[in-house]
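Make the complex out of the two chains shown on their own, each in a separate frame, by following the hints.
So the sequence lines, in the order shown, correspond to chains A and B.
My numbering numbers the first residue of the first sequence as 527 and each following residue consecutively.
My numbering numbers the first residue of the second sequence as 2 and each following residue consecutively.
The hints are simulated quantities; they were obtained by calculation from the structure and are not laboratory data.
Glycine included, every Cβ here is placed at the ideal spot set by N, Cα and C.
Warning: the hint list may mix true and false statements.
[To be verified] SDA-like, lysine to any residue: derived pairs with alpha carbons at most 25 Å apart:
| no. | chain 1 | residue 1 | chain 2 | residue 2 |
| --- | --- | --- | --- | --- |
| 1 | A | 592 | B | 503 |
| 2 | B | 204 | B | 394 |
| 3 | B | 432 | A | 575 |
[Said to hold, decoys possible] Pairwise CB distance ranges (calculated):
| no. | chain 1 | residue 1 | chain 2 | residue 2 | range |
| --- | --- | --- | --- | --- | --- |
| 4 | B | 415 | A | 604 | 25 to 33 Å |
| 5 | B | 228 | A | 603 | 35 to 43 Å |
| 6 | B | 432 | A | 529 | 20 to 28 Å |
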Amino acid sequence: MLDINKTPNDTEMVIALKGRLDTLTAPQLEEELNSATECANCLVFDFTELEYISSAGLRVLLSAQKTMNVKGSMTVRNVSDEIREIFDVTGFSDILTIE
Amino acid sequence: MNIKWDNDIVTIALEGRIDSGNSGDVENEIHEAIGDKKPASVNLDASALEYISSAGLRVILRLRKDNPTLRVINVSSEVFEVFEMTGFTEMMSVEKAYRQVSVEGCEEIGRGANGTIYRVDKDNVVKVFNDPDSLDDIQHEREVARLALILGIPTAISYDVVRVGDSYGSVFEFLNATSFSRMIADEPEKLDWCVQEYVKMLKLIHSTLVPEGKLPDMKETVVGWAKFMQDYLPEDKAKKLLSMIEAVPQDNHMIHGDYHTKNLELQNDEVLLIDMDTLAVGNPVFELASMFNAYSGFFEIDHEAIKKFQGFDLETAHKFWQKTLRAYLETDDEEVIKSVEDKARIVGYTRLIRRSIRRKGLEDPARKAEIDLWTKELIELLDKYDTLLFDVDLKREAPKDELDIEATEENLDTVTAFVDERLEKVGCSMKSQMQIDLAVEEIFINIAKYAYKPDKGRATVRVEVKDDPVQVKITFLDHGKPYDPLAKEDPDVTLSADDRPVGGLGIFMVKQSMDDVLYEYKDGANILTLVKSL
Chain A
527 MLDINKTPND TEMVIALKGR LDTLTAPQLE EELNSATECA NCLVFDFTEL
577 EYISSAGLRV LLSAQKTMNV KGSMTVRNVS DEIREIFDVT GFSDILTIE
Chain B
2 MNIKWDNDIV TIALEGRIDS GNSGDVENEI HEAIGDKKPA SVNLDASALE
52 YISSAGLRVI LRLRKDNPTL RVINVSSEVF EVFEMTGFTE MMSVEKAYRQ
102 VSVEGCEEIG RGANGTIYRV DKDNVVKVFN DPDSLDDIQH EREVARLALI
152 LGIPTAISYD VVRVGDSYGS VFEFLNATSF SRMIADEPEK LDWCVQEYVK
202 MLKLIHSTLV PEGKLPDMKE TVVGWAKFMQ DYLPEDKAKK LLSMIEAVPQ
252 DNHMIHGDYH TKNLELQNDE VLLIDMDTLA VGNPVFELAS MFNAYSGFFE
302 IDHEAIKKFQ GFDLETAHKF WQKTLRAYLE TDDEEVIKSV EDKARIVGYT
352 RLIRRSIRRK GLEDPARKAE IDLWTKELIE LLDKYDTLLF DVDLKREAPK
402 DELDIEATEE NLDTVTAFVD ERLEKVGCSM KSQMQIDLAV EEIFINIAKY
452 AYKPDKGRAT VRVEVKDDPV QVKITFLDHG KPYDPLAKED PDVTLSADDR
502 PVGGLGIFMV KQSMDDVLYE YKDGANILTL VKSL
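The following block holds chain B by itself, in its conformation from the complex (with noise of 0.2 Å):
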């Protein structure tokens, strides 16, 4: 075994096979080197190191008890599996032995906010990032392409890790694909094409829902944009502008955070979006602002730079950007159209003049000049406009939910928990969440008690969320006797209390909070409705 010391680290070289034969002996020989000295860190390079049994992880996991920040180096893929699948890689720090690959001399594909994208080969290409400490942005990627994919988003997903340099890169398969700027460059008859499918696209990521907290909330970050603003707008357009994105409602739906025609490739006949690490959840105009910057908005100045960027001149790009929008919105409105654009522009102006602010822009004359006229051009839109909201037709499915559970007092609780965490998707104010709870229960209890009664049977509730405007959509399906809650009469809300009757309110108080309330008798179910608009 090789021992190595770097000052107080120690690198110890694991070989060949480690099991219940060896184990011992290897633990033996490593205490022996180690001694009575106190190391800062132990590495374990395995990269001569084929197989570990159980045995031998035994070893590393005592080890580790005396040196907590022990690691595990240069793994290769075989033994990397065996301490993914007994969970070490989630315990202690495994790093996976990378091959070395050299982007040397090959062609320069793409180049987004966080790398550059080189083919390597006919079939392969190499995101290379530009911070050599990224591995933790790979795995970024890689998490939120894959959630993508699940989503339904075609995407490409890397399938390797390699060093490049002291960089590293992650290796996609790239058949024959070709991006969308240099179709638009180089075949200016397909620009139509191009707008058709690019708008597909981004309709599908933007009727896209995304589970809660899988993915940060652009609003968020554009809020932050915008405190960073107050000092360097007016007063009243600062202010304005923070309430302006402020307003914004939450929004679970997909955006993709770089939408440009660089980063959709056609592979054989397959239109696949790329550069997934932006992607974020938010609402639509958060998009069109990255959007505009892309094809207008970083280029006011200095026109020629986007030839470098996307291969096409800015007239091209103005032209693409104006179809795109028409095709998005579904119409040739021009006011309309006008209108969302210049939405997009105060979000476009507010990242763009952050951004060159804090890269020292300020300091230097020519790009003064472009932080002031974007600047000029944000005051004038914060006069025109009160909000950033715009209609948009995206088919959004409304998301379909279903809990079948016994129906007993006990589980209330469970169904209340159901319907609630549907809710919040949505941001349902605290009044309207009470006055479903309330209908919930009465509802659900009244199943409970005598649907079933002296039996016990199972109750299906489904919640159906809607968009624009946001509906909210309970039903209540149980198979026990029929009865019609509805038929009863009304109390007499007006009698005193030593008069009124204990009881009997329930289906009143969900009467008057809820919109409507349907009960039909069906196949044998009794089907209870509420609806209510939120």
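Isolated chain A, as found in the complex (with noise of 0.2 Å):
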């Protein structure tokens, strides 16, 4: 189960991610990503309520953040250590910029 909650304003699009990214997951939030990437010059995910996240969703925020790369920015906030270490091992936290 995943909420996704986007919150566009001004300067950003915010999207706030409940529950777990996963393979059954995945594909839902890809879908809500091509529309916003479209549309924002700036993402900005919150993973306050991030429960889990595997290679699928990392999939995911990969390509968004080629696709940001070349439009604008794109920024991950409120990482829980978990998730925190998932990154580190993949070397994502290298490549995303984690707030």
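Take a look at the structure:
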């Protein structure tokens, strides 16, 4: 189960994720991002309530990062220690801008 | 039909047979009797009821609609079966008619926390509960005894409930049984044999894994004792006591809770455990604590009292207890034995002090002296030790579990839930659980996507948990195309986002987060094993 909450404001699009980002829910996020990356130049992910992320989720994040590298910027906020460690192991800590 | 009013309580005596032939008449008669009155409660007395069909049951249902407090009482065993089979016993209060039994002049053969056991005839004993309102306790004991029996603990289950004066009793069949206390008292030459059998049973109990939620958790109870003690110990000691108890890990293995020699019986060469109402789950230190109390703690000032309780003297009790510790721990190392006994004493004294204070022990000089002695000893022990844990070889078998499931992506949630349920039992950290979930997802999704492509097939997921130290082993088996996911080269995780291919991280993450990942192709099956210490 994954809840995706998009809040656009003047300068950025905030996407808050709640639940599990895995093989089953990643396509959902991918679809939402397709429209989001089209209209926003600044993408912010809020992971406060994200419990879990698997490689399927990382794939989506990496794709988004690649797109935003061309278009604007992308930031990830409020990452838990557990997810932080996954980012460290996979080298994502260096790729993503984590606040 | 006999209808009696006692103020606003009406008791209606049902008689003979109630079936579709007469249920209408019965219903009318009851309605006429109640009329416009609003009874506070309705009792249907079924003493003389021989049979009731579904038409009769419907009458009761309708009657209950207007009178939610309706009870059916004095139901014979035969009629009770009908109520039970139709689920009525779960919907409303249906009470059996209990046989009246007298224990006057019967031999008292045991006495526990909640009741006294009498031999009523050659083959039967009755455990009479102290609390007259004990039907729930009786039901509880019966349920836990049944659970224990299913889990492989030899015990007696009561086959009937009877009235004894104003109390209730449960009846057990007991042919020529002798308690271990009696054997130790009467036949001292059997002491070593008793120790051996007593420890064998103790280890069996402590290696029995109990399904979650079936028995109370002893740790919660003991934490409660420690909290009570916060007002009766110096602040630092009280804090230390509580933190030592809170540090005891969750353990879902069985403990008896009142394991002394009166609760072990020898019947026709078979050793039986009785008095099951204190059954719980928890760390063995909690069991040793109550054992220490039964042989020593209770009698530290009044040395003679043990004779009344166990039938043997304190010296014999000490001998038995010390031999038991040695056999249980399988060591002669005095230092080890002493430290385990001391840890048991910490919990034991905590219980004794709280129990005595709650029974107004501080107001009685003799009992206050006892509390002071226990408290002094407890404080000394708290100075000496930092943990309640100790090593004991219980030869616990690793619980094994298997799930056979169609390998489709949609089934990922089922597989994850299956694995997580087993991890929760062993108290897995959030981080380890997430790492294991990740690995499970990668492997299972790989099987679902590729193993049988373009067809579909099944996968088996097996979870094994090993104690001391806790280690999880998860095995995936499929009969698809031979494929070794480990053979794939690790991705370069130092590349920038633009240079990195999307994907290819899954197996790498599995390798990083597990202690061991093994692959083999054997007998037409891909077998992938994940190992992780918790």
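Okay, the hints, checked on the actual structure:
Between residue 592 of chain A and residue 503 of chain B the CA atoms are separated by roughly 9 Å; this keeps the pair inside 25 Å, and the hint holds. Pair hint residue 204 of chain B plus residue 394 of chain B holds up; C-alpha atoms about 9 Å apart against a cutoff of 25 Å. Proposed proximity of residue 432 of chain B and residue 575 of chain A is supported: the alpha carbons are some 15 Å apart, at most 25 Å. Range check, residue 415 of chain B to residue 604 of chain A: Cβ separation about 30 Å, and the 25 to 33 Å hint holds.
Remark: the range hint 35 to 43 Å for residue 228 of chain B to residue 603 of chain A is upheld by a beta-carbon distance near 40 Å. Roughly 23 Å separates the CB atoms of residue 432 of chain B and residue 529 of chain A, a value that falls within the hinted 20 to 28 Å.
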